[in-house]
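Colleague: The chain contents come next:
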Amino acid sequence: MTPQKAGFTQPLALTCGVTLPGFELAYETYGKLNAARSNAVLVPHALNASHHVAGVYADAPDNVGWWDNMVGPGKPLDTNRFFVVGVNNLGGCHGSTGPMSPNPATGKPWGGDFPVVTVEDWVNAQAHLADHLGIETFAAVMGGSLGAMQSLQWALSFPDRIRHALVVAAAPKLSAQNIAFNEVARQAITTDPEFHGGHYYEHGVVPRTGLRLARMLGHITYLSDDAMMEKFGRTLRSGALGFNFDIDFEIESYLRYQGDKFSTYFDANTYLRITKALDYFDPAADFGGDLSAAMARAKAAFLVISFTSDWRFAPSRSREIVRALLDNRRVVSYLEIDAPHGHDAFLMEDERYMNAVRAYFGNIEL
Amino acid sequence: MTDADRALLASRPDLATIAQWVAPNARVLDLGCGDGMLLRYLWKERGSHGYGVEIDDAKVGASVRNDVNVLQMDLESGLSAFGDGSFDYVILSQTLQAMRHTEDIMREMVRVGREAIVSFPNFGHWASRLQVVKGRMPVSESLPHAWYNTPNLHLCTIADFEDLARKIGLNIEERVVLHEGRPVTLLPNLFGSLAVYRCAAG
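First to last, the protein sequences are chains A and B. Using my numbering, the first residue of the first sequence is number 1, and each one after it goes up by one. Using my numbering, the first residue of the second sequence is number 367, and each one after it goes up by one.
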């Protein structure tokens with residue numbers, strides 16, 4: 001499989017009021033669209049992932065898709081039966097139009113001038129990709145975390161173009177604590193001396209320190225206390241305390257490694273925008289905070305899944321979504337998986353979780 | 367009716383009674399829905415729109431496989447996910463005796479449903495009484511567990527249940543008492559091993 005690009009010449013009006021004159025989306029597909037065009041499944045990505053959902057590229061056998069345990073031939077989302085579409089979101093840094101793309105007004109990279117995009121904007125752009133691929137209605141849209149918010153938004157923005165919404169490890173809106181974590185991450189980036197108001201490309205630099213800190217902070221919120229203790233404990237890197245500020249504990253080493261790795265491939269401007277999209281997501285806002293009223297226009301059947309040790313988007317947040325669906329008498333199943341890994345559980349192997357997704361897709365009629 | 371449906375109704379005689387009571391196209395909530403077969407039967411045969419509530423991972427998984435709406439939630443913490451009067455029937459089949467908050471769940475059932483359908487093993491059945499008289503905790507087809515490994519917490523007799531129903535102001539609309547799948551009309555609290563009730567808020 002190879003990544004592809006679709007160019008769109010029609011203008012895209014964004015929630016913030018800016019209209020993009022045109023845009024490109026990087027995407028990948030797996031499996032075959034059937035003659036009835038009834039087997040397409042969209043898998044939007046969460047914070048730091050991309051359109052590379054599953055499998056490997058011929059020339060990069062180590063670059064495995066981010067949800068390869070879930071999506072592929074014979075996997076729970078079986079690409080022998082379904083035509084799966086992965087897409088890099090608008091504002092992303094993996095090939096879709098974003099802060100690194102040229103601003104048509106100046107010919108220079110957008111940088112800090114790239115608009116703040118929302119989950120609704122992403123879903124609108126994805127609908128253009130669906131048109132481009134000849135998909136009138138998705139059999140399902142499946143996502144975890146921020147991907148799950150897009151799945152939910154699909155059911156609201158295009159109720160007639162999605163038959164099933166799989167919403168994993170989600171929240172109907174961020175809590176103050178969630179926003180607080182995002183703000184610390186953004187502050188780390190924007191106060192980095194190399195940030196230059198987002199125009200760091202022109203200066204030939206990258207706000208790597210800030211991006212690294214943002215990622216380290218994020219990683220703490222993806223794991224549960226227990227999972228972190230289980231994995232790292234208080235194990236010392238070199239067997240003895242150093243009495244200095246180098247690495248003492250394995251957890252420090254892990255966070256530094258994750259931060260360093262991330263800061264070499266991810267774009268800080270994209271990170272800022274994705275965290276804002278998370279903060280702004282609140283489908284109930286236009287309905288006086290009444291999520292049940294907001295969900296009234298959804299027609300899709302839902303599978304909502306949460307994980308007991310997820311403190312970032314705890315099960316109670318998923319139950320808010322379930323309650324709103326029940327109030328509207330929608331078709332919904334809800335699983336609360338007793339898994340130890342925290343928020344990251346949605347990416348992990350868990351037999352109950354995997355089997356439920358497999359069974360759910362097995363029951364989707366094509 | 368499929369072979370699986372026939373097997374289900376044969377293995378759980380209370381379900382046949384429950385299924386008869388559920389009007390076509392009703393909105394149904396099945397508490398402790400197990401593998402979801404009752405809901406599936408009601409959906410396929412009677413056009414019910416329903417949800418099941420189940421806590422056990424394996425049973426929740428089986429319900430998803432059976433393509434019914436299942437919600438993994440703990441009944442002991444109530445039915446707060448459901449609004450008042452959201453259902454025509456709320457079913458609790460052979461689960462009442464295993465619940466800690468027996469009275470609370472009964473009240474919750476008639477809050478979220480127009481009618482509550484409850485079935486439970488009758489502890490007043492003569493075989494149970496006889497075993498108690500002989501100085502033993504009863505073990506039978508409807509009470510298959512030994513005292514030390516039973517999930518049952520609140521076993522009751524038909525008379526006991528009707529006392530509770532009165533206490534919390536439920537009207538008993540219909541009652542069927544069964545033994546070995548057949549209705550018992552003579553001295554039901556003595557000769558019936560399984561009781562099925564349809565109740566409404568008074």
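Hints are not guaranteed to be accurate.
To be verified - One-sided excerpt, in silico: chain A residues whose CB lies under 7 Å from chain B:
| id | residue |
| --- | --- |
| 1 | Gln4 |
| 2 | Phe8 |
| 3 | Gln10 |
| 4 | Leu14 |
| 5 | Asn363 |
What the hints assert, rightly or not - Straight line, CA to CA, 20 Å or less: simulated DMTMM-like cross-link-like pairs of lysine to aspartate or glutamate:
| id | chain 1 | residue 1 | chain 2 | residue 2 |
| --- | --- | --- | --- | --- |
| 6 | B | Lys410 | A | Glu252 |
| 7 | A | Lys5 | A | Asp160 |
| 8 | A | Lys173 | A | Glu349 |
| 9 | A | Lys173 | A | Glu320 |
| 10 | A | Lys299 | B | Asp433 |
| 11 | B | Lys425 | A | Glu351 |
| 12 | A | Lys231 | A | Glu202 |
| 13 | B | Lys425 | A | Glu320 |
| 14 | B | Lys410 | B | Glu442 |
| 15 | B | Lys425 | B | Asp450 |
| 16 | A | Lys32 | A | Asp113 |
| 17 | A | Lys173 | A | Glu365 |
| 18 | A | Lys231 | A | Glu365 |
| 19 | A | Lys32 | A | Glu365 |
| 20 | B | Lys425 | A | Asp350 |
As the list claims (entries may be wrong) - A short, non-exhaustive set of chain A residues, derived as facing chain B with CB atoms under 7 Å:
| id | residue |
| --- | --- |
| 21 | Ala6 |
| 22 | Arg330 |
| 23 | Ser333 |
| 24 | Tyr334 |
| 25 | Met348 |
| 26 | Glu349 |
| 27 | Met354 |
| 28 | Asn355 |
| 29 | Ala356 |
| 30 | Arg358 |
| 31 | Tyr360 |
Simulated from the structure, these hints should not be mistaken for lab results. This structure is a prediction, so every number in the text was calculated from the model and none was measured. The beta carbon of each residue, even a glycine, is placed where N, CA and C say it ideally should be.
Colleague: Against this structure, judge whether each hint is valid.
Modeller: Each hint, compared with the structure:
The interface hint given for glutamine 4 of chain A is violated, since its Cβ lies 34 Å from the closest Cβ of chain B, which is over the 7 Å cut-off. Checking phenylalanine 8 of chain A against chain B: minimum C-beta separation of about 37 Å lies over 7 Å; hint violated. Because the beta carbon of glutamine 10 of chain A sits about 39 Å from the nearest beta carbon in chain B, more than 7 Å, this interface hint is broken. Interface hint status for leucine 14 of chain A: violated, as the beta-carbon distance to the closest one in chain B is roughly 36 Å, over 7 Å.
Below 7 Å, beta-carbon pairs count as interface contacts, and asparagine 363 of chain A has one with chain B at about 4 Å; its hint therefore holds. For the hint pairing lysine 410 of chain B with glutamate 252 of chain A, the CA-to-CA distance comes to about 56 Å; that exceeds 20 Å, so the pair is violated. For a cut-off of 20 Å, the pair hint linking lysine 5 of chain A to aspartate 160 of chain A is broken: about 26 Å separates their Cα positions. For the hint pairing lysine 173 of chain A with glutamate 349 of chain A, the CA-to-CA distance comes to about 26 Å; that exceeds 20 Å, so the pair is violated.
For the given pair, lysine 173 of chain A sits about 10 Å from glutamate 320 of chain A by alpha-carbon distance, which is consistent with the 20 Å threshold. Taking the CA atoms of lysine 299 of chain A and aspartate 433 of chain B, the gap is about 17 Å. The hint holds against a cut of 20 Å. Taken as a hint, the lysine 425 of chain B and glutamate 351 of chain A pair is honoured in the structure, with Cα atoms around 14 Å apart against an allowance of 20 Å. This hinted pair does not check out: lysine 231 of chain A and glutamate 202 of chain A have alpha carbons roughly 41 Å apart, beyond 20 Å.
At most 20 Å may separate the alpha-carbon atoms for a hinted pair to count; lysine 425 of chain B and glutamate 320 of chain A exceed this at roughly 23 Å. Taken as a hint, the lysine 410 of chain B and glutamate 442 of chain B pair is broken in the structure, with Cα atoms around 29 Å apart against an allowance of 20 Å. Distance check on the hinted pair: lysine 425 of chain B and aspartate 450 of chain B sit about 27 Å apart at the alpha-carbon level, beyond 20 Å; violated. Taking the CA atoms of lysine 32 of chain A and aspartate 113 of chain A, the gap is near 39 Å; set against the 20 Å cutoff, the hint is violated.
Restraint check for lysine 173 of chain A and glutamate 365 of chain A: the C-alpha separation of about 31 Å exceeds 20 Å, so the hint is violated. Of the pairs offered as hints, the one joining lysine 231 of chain A and glutamate 365 of chain A is violated, with about 41 Å between alpha carbons and a cut-off of 20 Å exceeded. For the given pair, lysine 32 of chain A sits about 16 Å from glutamate 365 of chain A by alpha-carbon distance, which is consistent with the 20 Å threshold. Our distance criterion of 20 Å between C-alpha atoms is met by lysine 425 of chain B and aspartate 350 of chain A, whose separation comes to about 16 Å.
Given hint, alanine 6 of chain A at the interface with chain B, is violated; its Cβ is 34 Å from that chain's nearest Cβ, farther than 7 Å. Contact between arginine 330 of chain A and chain B, as hinted, is not supported at the beta carbon level, the nearest pair being about 9 Å apart and thus beyond 7 Å. Because the beta carbon of serine 333 of chain A sits about 5 Å from the nearest beta carbon in chain B, less than 7 Å, this interface hint is met. Annotation: interface hint on tyrosine 334 of chain A holds; nearest CB of chain B at approximately 5 Å, less than 7 Å.
For methionine 348 of chain A, the interface hint is violated, the least distance from its beta-carbon to any beta-carbon of chain B being 16 Å, above 7 Å. A hinted interface residue such as glutamate 349 of chain A counts as satisfied when its beta carbon comes closer than 7 Å to some beta carbon of chain B; here the least separation is about 15 Å, so the hint is violated. With 7 Å as the threshold, the beta carbon of methionine 354 of chain A stays out of range of chain B, its nearest partner Cβ sitting at about 10 Å, so the hint is violated. Annotation: asparagine 355 of chain A was flagged as interfacial toward chain B, and the flag holds, the nearest CB pair being 6 Å apart, inside 7 Å.
Interface restraint check: alanine 356 of chain A against chain B, minimum CB-CB distance 5 Å, threshold 7 Å, status holds. Interface hint status for arginine 358 of chain A: violated, as the beta-carbon distance to the closest one in chain B is roughly 9 Å, over 7 Å. For the restraint placing tyrosine 360 of chain A at the interface with chain B, the shortest Cβ-Cβ distance is roughly 6 Å, inside the 7 Å limit, so the hint holds.
In terms of the numbered hints stated before, the structure departs from hints 1, 2, 3, 4, 6, 7, 8, 12, 13, 14, 15, 16, 17, 18, 21, 22, 25, 26, 27 and 30, listed from lowest to highest.
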